[in-house]
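*Asks:* Sequence:
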Amino acid sequence: MSDERRRRGLEMMRQVYGWEVGDAPGDFFGITVDHLFAEIWTRPGLSMRDRRLLLIGMLAGQGLNDVLDIQIPAALANAELSPDELREVAVFLTHYIGWPLGARLSVQIDGLIAKHERAAREPRD
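Note that this note's numbering has the sequence shown beginning at 21, numbered continuously upward.
These are computed hints drawn from the structure, not numbers from a lab.
In this text the structure is predicted, and so the values were computed from the model without any measurement.
Some hints here could point you the wrong way.
[Claimed, not checked] Restraint-style ranges between C-beta atoms, simulated for each label pair:
#, residue 1, residue 2, range
1, 23, 111, 12 to 22 Å
2, 22, 123, 37 to 47 Å
3, 62, 141, 18 to 28 Å
4, 66, 140, 24 to 34 Å
5, 140, 68, 17 to 27 Å
6, 64, 22, 18 to 28 Å
7, 141, 48, 35 to 45 Å
8, 99, 127, 16 to 26 Å
9, 35, 137, 17 to 27 Å
10, 118, 66, 20 to 30 Å
11, 60, 84, 15 to 25 Å
12, 63, 37, 11 to 21 Å
13, 137, 44, 25 to 35 Å
14, 47, 141, 40 to 50 Å
Even glycine gets a Cβ: it sits at the ideal position worked out from N, Cα and C.
Please model the complete structure; the sequences and the hints are all you need to start from.
*Replies:* This is the structure we're talking about:
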């Protein structure tokens with residue numbers, strides 16, 4: 021793959037995940053960066069916020085809370101979704117993904133919001 025495509029993919033990964041992702045060896049990583057992040061996440065038609073909402077809904081519906089632990093803080097850090105909007109996402113999704121998954125999502129969102137707000141109050145070096 022081209023160096024430019026890899027650079028675009030790594031930059032989009034940084035935006036999506038909220039931290040610097042270094043290049044790594046292997047086909048799986050390369051395909052993920054060069055295709056998913058350089059080509060799919062950068063397509064026109066949906067904003068980053070739109071994509072984040074879709075991803076959160078899909079992850080919640082599949083009970084992939086470990087990945088939500090990455091996506092929800094990134095949405096807060098990038099100001100794509102406010103705490104109130106995330107809480108509303110939980111209310112809305114609960115009626116489609118079922119009460120057990122929705123209740124877990126609601127608790128998870130509240131915990132991640134609290135962590136985000138604590139970090140925002142801490143003095144930075």
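*Asks:* None of the hints should be skipped; say for each whether it holds.
*Replies:* Status of the hints after comparison with the structure:
no. : hint                 : verdict
1   : 23 / 111: 12 to 22 Å : violated, 45 Å
2   : 22 / 123: 37 to 47 Å : holds, 46 Å
3   : 62 / 141: 18 to 28 Å : violated, 34 Å
4   : 66 / 140: 24 to 34 Å : holds, 28 Å
5   : 140 / 68: 17 to 27 Å : holds, 20 Å
6   : 64 / 22: 18 to 28 Å  : holds, 20 Å
7   : 141 / 48: 35 to 45 Å : holds, 39 Å
8   : 99 / 127: 16 to 26 Å : holds, 23 Å
9   : 35 / 137: 17 to 27 Å : holds, 22 Å
10  : 118 / 66: 20 to 30 Å : holds, 26 Å
11  : 60 / 84: 15 to 25 Å  : holds, 18 Å
12  : 63 / 37: 11 to 21 Å  : holds, 18 Å
13  : 137 / 44: 25 to 35 Å : holds, 33 Å
14  : 47 / 141: 40 to 50 Å : holds, 43 Å
In summary, the numbered hints that this structure violates are 1 and 3.
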